[in-house]
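Protein chains in written order, with this note's numbering: chain U, 1 to 726; chain W, 1001 to 1212.
Misleading hints may appear alongside valid ones.
[Unchecked claim] Examples of chain U residues toward chain W, derived with CB under 7 Å:
(1) 154
(2) 244
(3) 245
(4) 332
(5) 417
(6) 419
(7) 420
(8) 427
(9) 554
(10) 555
Hints listed in this document are in silico derivations from the structure and should not be mistaken for laboratory results. The C-beta atom is built at its ideal place from N, Cα and C for all residues, glycine as well.
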Amino acid sequence: MTTLEPPLHRQLGLTDWEAGRIDELLGRRPTHPELVMFSLMWSEHCSYKHSRRLLRRFPTEGPSVLQGPGENAGVVDVGDGWAAALKIESHNHPSAVEPFEGAATGVGGIVRDILAMGARPIALLDSLRFGELASARSRHLFARSVAGIGHYGNCIGVPTVGGEVAFDDRYEDSCLVNAMCVGVVRHDALLRSAASGPGNAVVLIGNRTGADGIGGASVLASAELDEEEDRRPSVQVSDPFTERKLIDCCLELAGRGAFVALQDLGAAGLTSASSEMAAKGGVGIELDLDAVPLRQPLEPAEILVSESQERMLAVVEPGRVGEVIAACDRWELLATAVGRVTDGGNLLARAAGRVVVDVPARLLADDAPAYDVPIEPAPEPEPLQLEDVPAPSDLAAAWRDLLARPNVASKRWVYQQYDHLVGANTVQRPGGDAAVVRLPGSSRAIALTTDGAERHCQLDPRAGGAAAVLEAARTLACVGARPAAATDCLNFPNPEKGATGWRLREVIDGMSEALRALGVPVVSGNVSLYNESGSRAIYPTPVVGMMGLLFEAAASVTHGFDADGDAVLLAGAATPRLDGSELLGEARGRPPAPDVPAQAALCAALAEAAERRLLRSAHDVAAGGVAVALAESALAGGLGVEVTLPVGRRGDETLFGEGGGRAVVSCRRDGETQLAELFASHGVALKRIGTAGGAHVAVDLGGQPVALGLDEAAEAYETGLAEALR
Amino acid sequence: MSVAVLRFPGSLDHESAARAIRTAGGTAAEVWHDESDLPGGTRAVVIPGGFSYGDHLRPGAIASRARVMDDVRRHAERGGMVLGICNGFQVLCEAGLLPGALRPNATLSFVCRQTTLEVTDPDAPWTRALGAGAHLSIPIKNNSGAWFGDPTTARVALRYVGEDALGSVDAAAGVLDDRGTVLGLMPHPEEACDPLLGSADGLALFQAAVAA
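Isolated chain U, as found in the complex:
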C-alpha cells in the first residue's frame, strides 16, 4: 500500500478551488516558485481574504488624510508642513513560538513600514495580551516579548513611549503582540511604493537573504497554532543594528531624492514587495535571482519568499544607482541592483538564466479571492444582576488588591526596560494616559495611545468596538490632544467558526460609528485571525492605535494631582457598572452601550479645557473605575485626595464600576467656575467631588469612609506586576 501525499497546493495552504482559480487566471499550471508565491500572497495574512470586504466599512477619509489604507502606512497632515505616518501591525503567532525574536522582528517590521513612506520613525507603542501570570508559560512569553521589544527598539533609537498590557486566560495559547510606529516626514518628501519608469533599476538594500522566516505568513499567521509542532524555523531573526543603519541610510538617500519608490520586505519577502510595487504602479518588474546576496544556498522559490529581516526594495533611476550603492557602502550596508522596471505588468524572475516566474503582478498583489465570513449572531448576554456578585466585605482591601492586580498595577516593570526618551522629544512618558511627543523642531506635539476593550467586545461586540475607539480618544483628550487619525489591529479567533465572523463585523461597525462621531479616519491597519487553539479562543480584540494633535506641547496635561487645595471633579455622566469589569475579572454580564455623541463631546471639552490651560490634571476612568483613577492621580502627583461620592446601588459598583466615559480632573479652586462653564457649553456633566491634598486617597461613600494611605496604595500599585512575575 502506498500513502498518498496531499497535493502541493494543499500543503502550502491553498484550497482546491484556489488552486483551480490560479490555473484559470494564468491559463496554465503555475511553476513551482509561482505556486509558492501565490500561496503566500493569497494567504490570510497577506490578502485579508476573510476581512477585506468588511474593512471597507471603516471611515478612511478626511481633510487631513494624505494617504489612506493600502500603502505601507497611513499619513496625515499635522501642520507646519509636517505629515505623520502611522501604522499598527500584529506579530502574534511568531511571538507565541519564539517570544524574543517574534516581538523584536514585529517592531522591526513596523518601523520599516514607516521608513518606506520616507518618514523618520519617532515613536513606538506596543499593545500586549498574555495569559494569566499564574501560568509559567505566560510569564515566559510575556517577559521574553518585553525583552525582545526592548532589545530592538532601544538599539534602533526609536523611543517606545506607550502601549498597554493585559492578562487573561483567553490569551494563554494565543498571545497578542501588536506594535505601532509613528514617523514624521515633510509633505514634499513623502515616498510611496508604486514602481514607475520602465528601465529604472530595482535595488535591494540591507541584509543578505537567508532561509529564516520562509513561509512565515502562510504557515504561522494564517492558521491555528498547534502546540505539538515545532515551527521555530518559520520565525525570523532580528538584527537591530542593521535596521538602524537602514533608517539612517534610507533617510539620507530619500532626503536627496534618490528613490523613485521604496518598499519594505515583510511577509512573503521579495514576492510581496516586488508584486505590490509593480501592481501599484501598473508596471512590470524583472528580477535576477542570481544577483540577490544570499546567506546560504537557496532555491529560487526560497529566495522569492524568504522573510529575512532588515531589507528594503527601492526603485532608482539608472543614473543614480551608483550614488545609492556608494551611500550604502558608507553605512556598511549591502545594496545590489537585482532587477528593473518593465513595461507590461508582469513579475518575471530569472534564475541561472532561466525564467522561473512570469505572472501578472496584480494577480499576486490584488486578485486574491475575497470571502464572506459566516454571520451568525451570538446570543445576547443578560446584564449582571448585582445580587449575583458577592460584595467585598472590606472595600479598602478590595481597592488595594485591585491596585496590585497585573491588569491595573503600574507597568513600570515593562516600560523601564524600554528607552522611552531617545530623541529628546518625549514630553509625557509612559505611565500616564497618552504619551506626548514633540514634533522635531516645532512647538507642536502628537499624543499617542493604544486601547482595547476585549471583554466588552466579547459581550457586546458593537458597543465594545465603539468603547475601544472612545477610550483611545478619551486618553488623548486627557492629555489635551484632539484625536486626528487612527490605525487598528483586529485580533480575532477563526472567522470561519461560530459567531466570530459576526463579531468581526459588529466590532467594525461599532468602531466606525465612534470614529465618525469623532471625525477620525482609519488610515492604516492590520488583521490577525485564527488566534485560537483547540481549547481556547481569544476575545475579539480590536486594538485601536490613535494619534492626537496638540498645538502647544507645553499645554499638555498630566494625570497627577498638582497642588494642595485644587478642586477635584468628575467629568461625564455615565453610570458605573460591574459587567465585564476588572473587579469582576471576567467577561460576564452586559455593559451598557456607550452614548457615542456624549462621549465625543467629553473629548472635545477636555481638549478645549487643556488648550485654555484650565486643567491641572486629567485622567481617564478605565479598569478599576473611579477609585483606581483617583489612586493613580494621587500616586502620580504624590498628593492625596478627599472626595465624596453618592453610594449608588452598592459601594463596590460606585467605586470600581466601569464604562460610559468619565474622567477625573482637577483645577485651581479659582478656575472651577470657568471650567464648569466650558463643560456646560459642550453639554458635558462636570461634578465637583472633592479636593486634592493630604496623604490618603479617601472616599466618603454616602457617609461610609473608605481610604488608603498613599504609601499602602503605592506599595500595591508599584509592586503588583513584579510580584506576579516572581
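Starting from the structure of chain U, add chain W where the hints point.
Just chain W now, with coordinates in the frame of chain U:
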C-alpha cells in the same frame, strides 16, 4: 565654541547632543567615525550615546578603535575636553582614556528612568560651575551602566543619590580622568536640557563644553 559630536554606525543621541550644544550657545559639528582628524577649531568633543556597531563584541569596543579616535586621543592628551555619554563612556573606557569598565546592570536588563546625581568632584572644568554637592535630575537609559573600577584612585565626578545604582562601584555615575578634562557619564544630560521634557539640569555640562 565649536564642539565636535562623533558619529558611528549605530550612534543614536548625536542629534540630541548637537541640539543641547546649540541650546548652550555653542556650535556643534558632526564628525564621521572614519575621519582622520577632528575639525580645526574643535574645543571639546562629545561622544554621544547609542549602540555603536550594535554593541557587537562589547559595548564601545569597536568604536574605540575607529580612525577618528586617534585624534580624540591627541586632543585629550593636549588637555582638550572630552565628554562621553553612556555608550560614549563605554568607548572612552575601552580606549583607555578613562579608568575602569562598564558592566551589565545588576538587574541584567535595560533600565530607563530619571535619576538624581550629586557632584562629588567639583575641581574639574566639567563640574566647577556646578559646585560640590549640587544635585542634578538626569535620566539614565542603558544595559551596561555599572562602572567597575578602583574608587580610591579614580576621580568620581558624580554619584547616584539615594537609589540603587545598578551595581556601579561607589555609586559612580560619572568618572573623570586624572586631569579632569575627560568625563564619562552614564546618565544622559542631552535628555535634560529643556524644562518641557522634565529637567534642564543637563545643560550645565554642555555649557561647560561650550566654555572650553
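Which numbered hints turn out to be false for this structure? 10
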